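> With the hints as a guide, bring the two chains together.
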Amino acid sequence: MPDLIVHVDGLTKRFGSFTAVDHVTFDVEPGEVIGYLGPNGSGKTTTIRMLLGLLLPTEGAATVLGLDATRQAEDIRPQVGYMSQKFALYDELTAWENLMFYAGVYGVADRSRLTETLDLVGLSHIRDERAGDLPLGWRQRLALATAVVHQPTLLFLDEPTSGVDPLARRAFWDLIYGMAEKGVTIFVTTHYMDEAEYCGRVGIMRRGRLLAMQPTSELKRTAFHGKAWDVYARPILEALDGLATLPEVQRAGLSGDHLRAISRTDLQAETLEKGLKALGLQDVSARPTTPTLEDVFLALSD
Amino acid sequence: MQNLIDVQNLSRAFGKTRAVDDVSLSVSGGEIYGLVGPDGAGKTTTMRLLCGVLRADLGQVTIAGFDVGNQPEQERERIGYLPQRFSLYGDLTVMENLHFFAGVRGLGRKEWLPRAREILTFVGLDEFADRRAEALSGGMRQKLGLAAVLIHRPQVLLLDEPTGGVDPVTRQAFWQLLFRLLREGVAVLISTPYMDEASRCNRLGFLNRGRLMVEGSPQRIEARLKDRILEVEGGPRVILERVARDDPDVEAAHAFGGRLRLRLSRAGSAEIQSRLEKAMIGEGGLVGRIGPSPPTIEDVFIELLEESDA
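Chains A and B are the protein sequences, given in the same order. Taking the working numbering, the leading residue of the first sequence gets 420, the next gets one more, and so forth. Taking the working numbering, the leading residue of the second sequence gets 4, the next gets one more, and so forth.
Honestly, the hints are just simulated from the structure, not real lab data. You may find that some hints are simply not true.
As the list claims (entries may be wrong) - Covered stretches of chain A (in silico footprint by chain B; criterion: 3 or more residues with CB under 8 Å from a CB of chain B, positions within the stretch not fixed):
(1) 554-567
(2) 575-585
(3) 589-596
(4) 655-661
(5) 664-674
(6) 712-719
This structure is a prediction, so every number in the text was calculated from the model and none was measured. The beta carbon of each residue, even a glycine, is placed where N, CA and C say it ideally should be.
Bound-form chain B, shown alone (with noise of 0.2 Å):
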């Protein structure tokens, strides 16, 4: 399938800092593709240089096979892009907002109401059409800004963390979206701090100052910590973190939901494990259960992040 992204070798720098520093990536139709990182990383720099809000110093961006550098009208319709802080008119209604980014985005008169019908039955917010945007709750603004960003039915999706801040049923909602533009053959590429979110993607970009450090499926990423991760229920929590941050074999420990959970430097531990629990309770602690866990997208992340701190 053709790429509908196409990211060669790109790379900005603000003064001294390398914001975003030879990144290549590629999202076909259908697809979407998650930016993961820390704060800073330089994902919501990429997503600028993708819609030509920015301009790079290197590289090469193409979207649906137009140039950003040479073609950026053609570019630009073919994108819809959903920053971070989205601006709605809050003294607009939904429909008008509607028809104002419909204007923008050069819809003629007798275009732009049927396709902003559909676009909020879409969305589901048909029922709202007459409502003030600053009357919608948050969630009903986020499906709004999704809305006003497909208007012109763009093929390329730019998402910048558009579920920051939104409650768990209403993120549901929005995924369930997602899925269905990428069914349609959209090319979304998606930041977001919700690891939950980034193992819905099919492929997942971890970004760190500026660099993507790996790439690949979030099965493939998890695996690079099979059998790496040990997980301990009990107490006291500072007895069993010094304990494991004693031993040789413990790369990492995070107190997290109640569990002590365990990083281990190499895979096969049913050695450590026993040795671990003995240690712990020879030093006063109580251990509920101790056993290997699968590793999950947020492990890699803060096993990736503390080794390119290390």
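The shape of chain A in the complex, shown without the other chains (with noise of 0.2 Å):
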């Protein structure tokens, strides 16, 4: 197995005059989960491409599993499995066929790994039936099925979970991890911050760029540069407005039934709840906390 599973140097992707992604360079050891950030349009799905050779860069370059990405993507794919966020799936062939047409495109003609692979995640019961009429979650499983069952050493799995219920992601990254422990090397792409906890590295994608990529110990270190807080008021909006217009708070939002800012460092909690009571806000309290991944994504996108 090659030192660095995905070796990547200033890949660039313009598209016209939009620069898609601009000089990305990171690199990827083996056994790492590497989770990649980033809001809607911000570059991740285009890097997935570029690194899987469907897509060609305007500039850099990409090695992954030791290979060639742009000339030697054919000796690639059948090192890397890929589930993309529209899965890939045939409504009108049953869980079992789809699996098969799979294994096919991957030359996997072993029968025992299909048995193998559904057993893995747990869709045995419903081998017969129609991927269309499986429920979103099945759905999502028999997709990552069809993506591993030529057992890669790279996964890339791009918003597995969007729009899956709580359950639903929860067996599914269960799975996620069973398979890092037996050495496949991850790269998922989440717009769920929890899930991104779990990920040995993150990398956070802003406009084409990366701006980081770090344990997210460390992001919350280094790409953090103020004091989070839980911030209670009524009524609500007016608190949020009200933040907003402290000189030291540089982010406020909302937080489940709560308020979340975000502001400098030097901050005490009398002064700023002071400061909302002097607004007329109810019920004032402000406490300071650790900062979330979500708190550094948000800084990061401002």
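What follows is the structure, encoded as structure tokens:
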């Protein structure tokens, strides 16, 4: 196995005057789980498509499993799995037939591997049901099965859990954890910050640029330069607008049933509470708290 | 306050499947009610019954005092419905799309333009009025969808997973818009797969297999699992999980976000906690931290589902 599973150097993609991916550089080592975050349209999917050799870079280079992503894409593809946002399933085919199809594409002749894969994702009981009739959570697991039937060493997952309910999401991540523990390298994009917390390293994209790629604990230290607060006050919307007017507050947003604020590091709770009370707000309390990955994400997205 | 949405004993079957089964709920002006539940629980069907796209087998829907069966025109005028897949015209500009939806809603020539400008300012798209819809980012398209269903000033908003697949920045902006609508007295019924969004609702209804199983404020729903969640940090995951699952007082163990979250069958966890810690270490595990954790909506969601499937 090569030392680096993925090596990306100055990777750039332009569509006309629009730069979708802008000089992105990073490495992925064997067995890593990499989370790749960013707002819609920030270049995450375009990056993956270049790594898969589906799109030609305008500039820069990518090496995947020691092979050149542009010139040797044919040799890369049998060794990688890709699950796209729009699960590429044939609705009129059964779960088993879908898997057969992808096994054929990847040259997997061994039928026991198909049974094993369906078992792995927990779908043996519906092997003869049409993919189009399955609920979303099961379609998602079937899509995963089609992406791993050929036992790839590197797996790309593009928003695999979008719109899936919490129980199905946990079951899905149990599968991903299991594969990572067997040594599969995983590269996953997601909008769920709690999922990103599991990843060994997290990259954050914005407008085509990779702003950082670090373990989450480091991201919270190096990419975040403020103080995070949980703020309670009523009425909530007036409090939200009020927070934004305080000079020390850099960002304010809704967080569950209360508000979340990011401020300069020197702001004290009493100052913050006094500021809000002066605006006529009720039941005011402010507590400093540890920043979450979402705080980091929002701060980097400004 | 008057209920703007009032649903009594609503039922609808498709063949043998009871998609919506005896559901009653009400939402008043200024209130946001969250419908959560697994795929296929009946959330979308409920919304479609509410706006009259689907007919109910049984039950009654009243929107702002108008009955969906007897006064469908008046009822529909008061509703803005944003389905999961909302169609905008990609080759039309933002303004042209709004013109179209204003026409559908019967806004006159003099009415529509000032209202369209107002609503575009509200959702923050005023600078993009002349951009074609297909050239908008995902977040902007979603805001245009909201603008389109708000064009006729509905008193009731039905939003079916409006933020699915949307990044946190855009979701935050969308929710701030919703809170502003609530302040104007609109009643909102929303479904969402994001549990952090669910906790922003005034009330939540948990739907499974067409039935409304639990209803209440997020705080009350979380209180179902008070003192019954333990969190463990450590490894290897396989060992910690096996020990947890073998313990008679552990109902469920899920690895998530690098931590193991345990649901206990009874509250008062000190004794269970020390027993688990000992067993985990005895089996060769490393326990960095173990302790009680406040329950979340997601914990309750999973508990309810596992309970009903058991």
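> Taking the numbered hints from earlier one at a time, note which ones the structure violates and give those numbers from smallest to largest.
As far as the earlier hints go, not one is violated by this structure.
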